[in-house]
Amino acid sequence: MQQASADVPRRGLGQSLVAGVGRIAVSVFVPIVAFIVLWAGFIFLRDSGANKLVIVSVAIVWGIGGVAMLYVIANWLTEKLPNAWQRRILPFVFVGPAFAILTFYLLVPAVITGWESLLNADGSQFIGIDNYTYAFSNPDFIVAIRNNVLWLVIGTLFSTVLGLAIAVLVDRSRMSRLAKTLIFLPMAISFVGASVIWRFVFSFQPEGQPQIGLLNAILGAFGIAPVSWLTGAPLNTILLIVILVWGQTGFAMVIISAALRGVPDEMLEAGRIDGASEWQIFRRLIVPTIWPTIVTVATTIAILTLKVFDIVIAMTNQNFNTQVIATLMWQQAFTFFDQGRGAALAIILLVAVTPVIFYNLRQFRGRAI
Amino acid sequence: MRKFSWSRVAINLTVLFLIVIWTLPTVGLFITSFRSKETIQASGWWTVFGQLGSGQFTLDNYDKVLFGGDGMATAFLNTLAVTIPAVVIPILIAAFAAYAFAWMDFPGRRLMFISVVAMLVVPLQIALIPVLKAYLTIDLNGTFLAVWLAHAGFGLALATYLLYNYISQLPKDLMESAALDGASHFTTFTRLVLPLSVPALAAFAIFQFLWVWNDYLVATTFLGIDKDVQVMTQRLVSITGSRGQDWQLLTSGAFVSMIVPVLVFLGLQRYFIRGLLAGSVKG
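So the sequences go chain by chain: H and F.
Residues in the first sequence are numbered from 1015 upward in steps of one, following my numbering.
Residues in the second sequence are numbered from 3 upward in steps of one, following my numbering.
Simulated from the structure, these hints should not be mistaken for laboratory data.
All of these numbers come straight from a predicted model, not from anything done at the bench.
Each residue gets a CB set at the ideal place from its N, CA and C atoms; glycine is no exception.
Hints may contain errors.
The calculated lysine-lysine pairs, modelled on DSS-like cross-linking and capped at a C-alpha distance of 30 Å, are [unchecked claim]:
| hint | chain 1 | residue 1 | chain 2 | residue 2 |
| --- | --- | --- | --- | --- |
| 1 | H | Lys1094 | F | Lys135 |
| 2 | H | Lys1066 | F | Lys66 |
| 3 | H | Lys1066 | F | Lys135 |
Example chain F residues on the side facing chain H (calculated, C-beta under 8 Å, incomplete) [unchecked claim]:
| hint | residue |
| --- | --- |
| 4 | Trp24 |
| 5 | Thr25 |
| 6 | Val124 |
| 7 | Ala181 |
| 8 | His187 |
Simulated restraints on C-beta separations [to be verified]:
| hint | chain 1 | residue 1 | chain 2 | residue 2 | range |
| --- | --- | --- | --- | --- | --- |
| 9 | H | Ala1284 | F | Asp183 | 21 to 27 Å |
| 10 | H | Gln1223 | F | Ala120 | 53 to 59 Å |
| 11 | H | Asp1185 | F | Ser38 | 40 to 46 Å |
| 12 | H | Ala1235 | F | Lys135 | 53 to 59 Å |
| 13 | H | Asp1185 | F | Arg111 | 54 to 60 Å |
| 14 | F | Ala120 | H | Val1047 | 34 to 40 Å |
| 15 | F | Gly71 | H | Phe1150 | 51 to 57 Å |
| 16 | F | Ile140 | H | Tyr1148 | 29 to 35 Å |
| 17 | F | Arg10 | H | Leu1233 | 32 to 38 Å |
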């Protein structure tokens, strides 16, 4: 760039005029071509009836290539500018897309949702806090709150405590690698997939027919009549929480186990020399040392429990009083098309989650990956 | 320490018990996915061990769920088409932003960075109605682009924050000598910063991969009910909803949807753990 600008004055006026016009022409031409290529790709993807594999490949290349191309062209254009302007504009070429996307996908929607929660079903009329008073006086919502509290308390407590216990136990056994892998594995499975797995465990057939669900088969082996696990509240919600615990205990175990390795041996030795029992060492030395990690794990799972959605939809479709705030929000907004009530529920969710995330972030800050 | 003790036996037995509990549900599903509809209804999956070698296993379920009316094969390809760009796009955008926040000077930098971090607390449920409405106005709903951008939007705050933590810790001398050598910011970023940030990029990529691959909520909001574009989680929920007793399809379908993340998990467990550590605050 510097070289180019040093060259310019040496040329004749006509030459530099042509060069200038040429440069502007190219600067306009390249983005237009890029835009046409991207647009053609978009139309192809939207309307094409080509082989699925072709469409998928084109989509991947188009999506990733398109974004990369936008940066390359924006940078290329900026470099055509005089140095002072380049320095001023380039940072916004780098930050701009991220900021624009966050604004469009989170900031503006949050404001709109906040406003819409004060409007009626189709957004045509301002009704104040009616949507909130409706929510808190609706028995379905009261049950949803109770369920979310069950998810929050039982889900978080069991995942974290089990994770801690298993992390401590497993390191002292012969099967530690195998056990860790197998207990951690459900973490890779979607909540929807996990729900299919557990639906099968909870499966129920009327008495007298063969039970194909593990749980009822075990009852049957002891001569106990089969139970329809998923239809009675609040037991059904607790059984749904089992799925979350099954998935998240491995997460808690792995992260706590990493923290346990950071506990200095000398400290534990000193404790033993002082005659402390293993339980006292665990309770008084180990737990306080890894407490920040335990809090991070617990708050992370707590956030998950507050926003739980997939498991409830896939297991019971929020029937039998298993609804939670997120599923009610979905139902109001996309089944009943009452965007006011849906928005109010989304805001209630935000208010419930925010303090937990704040706490989580405070623990998290400064820890590098 | 190696001497025999009852407490060691107790610990080993407990761990064995835990392994069995954690694995049994998945094993049951896996075995069931190879049994015919009639045998599934007639007896529990555990009875297969009593009659091994009697030719009771079949691949029909997989054939049906993949290429039959449930179109799991199409859904598998759709999931790929959704996931790969939805992982790469936010990482690319976030890395550019993180570099600018860390190594470029511009007015409003602090304020912009704080607003990015503040977005971490916003749950994505907040955005569903307004974004869907915007999509409907510009006729974007039901396209892969709609889901990529949505996942980019919902993952970007975390990605920028994590990558900033990493990129801002790169040695200052390195950046200065690159600038002295006449490297532009763009060159420094693509040739120096991106390669150096591979551990952080990989950690976030794995986290985002699992998140997008396993997502149901975002997909079902922005892809809608058109089977041609639906991802596997949507197909599975649809089978559970309409034909919850079709275990032969549910079990094989569930396995098709799990196989990729489980392989990624087994292959990249170490990075996976780093990604989880890093991504534990996803809003």
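* Give me the numbers of the hints this structure contradicts, sorted from smallest to largest. => Violated hints: 1, 7, 9, 13, 15; rest satisfied.
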